[in-house]
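Position chain D against the provided structure of chain Y, taking the given hints into account.
Just so you know, the protein sequences line up as chains Y and D, in that order.
For the first sequence, counting from 1, position 10 maps to 10 in our numbering; every step adds exactly one.
For the second sequence, counting from 1, position 197 maps to 197 in our numbering; every step adds exactly one.
Hints may contain errors.
Claimed, not checked - Lysine to aspartate or glutamate pairs mimicking EDC-like chemistry, simulated, CA-CA at most 16 Å apart:
id	chain 1	residue 1	chain 2	residue 2
1	D	K52	D	D108
2	Y	K244	D	D92
3	D	K52	D	D153
4	Y	K230	D	E88
5	Y	K230	D	D92
6	Y	K230	D	E97
7	D	K126	D	D153
8	D	K126	D	E97
9	D	K154	D	D108
10	D	K195	D	E217
11	D	K141	D	D124
12	D	K154	D	E217
Honestly, the hints are just simulated from the structure, not real lab data.
Note that this is a predicted model, so its numbers are computed, not measured.
The chain contents come next:
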Amino acid sequence: MLGLNSRDFKLFIIVCIMALAAPILLNPFPTASAMGESFNAGYPALMQRFVIFGILVIGFNILFGLTGYLSFGHAAFLGVGSYAAVWMFKLLSYNVVPAIILSVIVAGLFSVVIGYVSLRRSGIYFSILTLAFAQMSYQLAYSVFTPLTNGETGLQVYNDDPQILMGENSPTVPHFFGLEMNAQSVVDVAGWSFTFQNGYYLSAVFLILAFYLSIRIFRSPMGLMLRAIKSNQTRMSYTGINTKPYMLAAFVISGMYAGLAGGLLAAMDPLTGAERMFWTASGEIVVMAILGGVGTLIGPVLGAGIIKYLENIVSKINDGILHNWFAFMPDWLDNALVTIIHPFIGKGWHLTLGLLFMAVVIFLPGGLVQGGQKLGGLFRRKKTDDAADGAKTPAE
Amino acid sequence: MGILEVKGINKRFGGLQALGDVNLSVAENTVHAIIGPNGAGKSTLLNVLVGKLIPDSGSVMFDGQSVLGRAPHEINQMGISRVFQTPEIFSDLTVFENVMIPCFAKRDGAFQMNAIGAVTGHGDIKDMAEAILADVNMLDKRQMTASSMSRGDKRRLEMAMCLVQEPRLLLLDEPTAGMARADTNNTIDLLKEIKEKRDITMAIIEHDMHVVFSLAERITVLAQGMPLVEETPENIKGHPKVREAYLGEAQV
Chain Y
1 MLGLNSRDFK LFIIVCIMAL AAPILLNPFP TASAMGESFN AGYPALMQRF VIFGILVIGF
61 NILFGLTGYL SFGHAAFLGV GSYAAVWMFK LLSYNVVPAI ILSVIVAGLF SVVIGYVSLR
121 RSGIYFSILT LAFAQMSYQL AYSVFTPLTN GETGLQVYND DPQILMGENS PTVPHFFGLE
181 MNAQSVVDVA GWSFTFQNGY YLSAVFLILA FYLSIRIFRS PMGLMLRAIK SNQTRMSYTG
241 INTKPYMLAA FVISGMYAGL AGGLLAAMDP LTGAERMFWT ASGEIVVMAI LGGVGTLIGP
301 VLGAGIIKYL ENIVSKINDG ILHNWFAFMP DWLDNALVTI IHPFIGKGWH LTLGLLFMAV
361 VIFLPGGLVQ GGQKLGGLFR RKKTDDAADG AKTPAE
Chain D
1 MGILEVKGIN KRFGGLQALG DVNLSVAENT VHAIIGPNGA GKSTLLNVLV GKLIPDSGSV
61 MFDGQSVLGR APHEINQMGI SRVFQTPEIF SDLTVFENVM IPCFAKRDGA FQMNAIGAVT
121 GHGDIKDMAE AILADVNMLD KRQMTASSMS RGDKRRLEMA MCLVQEPRLL LLDEPTAGMA
181 RADTNNTIDL LKEIKEKRDI TMAIIEHDMH VVFSLAERIT VLAQGMPLVE ETPENIKGHP
241 KVREAYLGEA QV
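The following block holds chain Y by itself, in its conformation from the complex:
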């Protein structure tokens, strides 16, 4: 179906359902309950981050997962994409279509330049070169390019901007041909309240498209060539294949994904700043990819989702909330538990993330996808007693 084999098609359908039903799936607890207040993730601002960073990491995975070239400067493309989108809002109108198109094009051009230079080296030197470029972009955005980036203040739309395509009744927030991005409808069902937001659904559609395209690339001859480059570059060149254009193509595709993510971020909230390009942002992308499973199809989406979940959910839990949960216990036990858990919540969410990341890298080098495979294999073994089948097939 759709040019995919049956397994990939199944995976694709699962992702479609997850993306489209996220406002329901991510609200498993009644809205007013204690669990709901703490753990429900089905609110638009967070769901947007899930899918936008999902797109970003899917693109990153086309480069890192297939070719093994670790780019440590992908946030630069995200930042450039955001700037391009906000400029479209400033110059044309709040319609997100030209903004997103330009952000992809600009990030693509930018990645041609950075890729052309960085790909002269491989391994750690490639990573360092991309890191250097990204940091350079960040510093330039702060200082030299202030007229383009508005420096420290960040780029945003002002009333005296030209906005030449703005009609009298045009919306004054980002919109898709009149559909305002921040417009939402709330549906209340027996204690649950589900929020369906236009902006989220626009991003979700792009996630589905991005995911579909990445499956096609993974299964294409080009995907095979990229995996072969990762496996043995020497053999590649003695097989008559010029690896450079393949690498550059992968790099640019990956950069354009990042540009799309940047454009979407700006479409959700029409302002941007240089900190989007900071090196920790690039590092976060790497962590997401490794946590989810490098070189797998679904891994990047999982990794992005989990990190954004921890960042937004675990960091909001505080001692007061913990005391509420443990209220039924005797005081001494309540206090003891809160003392133990305290370092892992609130600002300590980085500790939780760090431990999770270490555990994954040590025990599941293939990321959470490998964990899922192991679990799946375990169940299948119990069911059919056919051990070899379950463990061997790479579920991607």
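Below, chain D alone, put in the same frame as chain Y:
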């Protein structure tokens, strides 16, 4: 005029003269062996032929075109394939994927942006790959990961990857190094079979004289970067200069 003409190649590594005025002429559709003691410059010569090294002076002509200064992938596209001393294969990929890549290189050239259609949709590539795997008796191993195979199988796979491109010149760097006698004989048979089936020129570097004398039609002896003799196998046996190079000055 041979298909491969090497004239006056010099290559120095610092103070070491790796190749000194090497001339070599390989006639079309023959098997030409290059032998010599360790450090004679055999591998250096091969590296010059495939574009890995650029010599200080001299010329290398393949089928009337200069090879020097071209990138390895360009030289391969001219019709020169190389089998390495330690098999260079795509260890992480399956056997079938390993042979499909040279098929794509043969059909589409050095670069082709083919990012949307599935690999499985290219029927002609699949047929090419299956045919060559049948030729080297590996069709039943097609779904195996290349790294999990035995050393002999890896060599056969690498051979298949080179042959599927139908090269006009196949360079073999010690194709039987570290093999048991039975595997060595299998490799000799395989190479003989290939030679019978298609028009191909082979240049072999080899230490094992059994292999050399089973296959070669011409033999060039290198010693300390200089070509000593170029002769037929019959005349090489017992050639005084060759004995000297291998055994030293001592009278035997």
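Results for each hint:
Taking the CA atoms of K52 of chain D and D108 of chain D, the gap is about 23 Å. The hint is violated against a cut of 16 Å. A hinted pair counts as satisfied when its Cα atoms are at most 16 Å apart, and K244 of chain Y with D92 of chain D does not qualify at roughly 20 Å. The hinted pair formed by K52 of chain D and D153 of chain D fails the criterion: a straight-line CA distance of about 26 Å is larger than 16 Å. Between the alpha carbons of K230 of chain Y and E88 of chain D the distance comes to roughly 13 Å, so the proposed pair stays at or under 16 Å and holds.
A hinted pair counts as satisfied when its Cα atoms are at most 16 Å apart, and K230 of chain Y with D92 of chain D qualifies at roughly 9 Å. At most 16 Å may separate the alpha-carbon atoms for a hinted pair to count; K230 of chain Y and E97 of chain D meet this at roughly 14 Å. This hinted pair does not check out: K126 of chain D and D153 of chain D have alpha carbons roughly 20 Å apart, beyond 16 Å. The hinted pair formed by K126 of chain D and E97 of chain D meets the criterion: a straight-line CA distance of about 10 Å does not exceed 16 Å.
About 25 Å separates the Cα atoms of K154 of chain D and D108 of chain D, which puts this hinted pair outside 16 Å; it is violated. Proposed proximity of K195 of chain D and E217 of chain D is supported: the alpha carbons are some 12 Å apart, at most 16 Å. Using a Cα cut-off of 16 Å, the hinted pair K141 of chain D and D124 of chain D is violated, with the two alpha carbons roughly 20 Å apart. Of the pairs offered as hints, the one joining K154 of chain D and E217 of chain D is violated, with about 27 Å between alpha carbons and a cut-off of 16 Å exceeded.
In terms of the numbered hints stated before, the structure departs from hints 1, 2, 3, 7, 9, 11 and 12, listed from lowest to highest.
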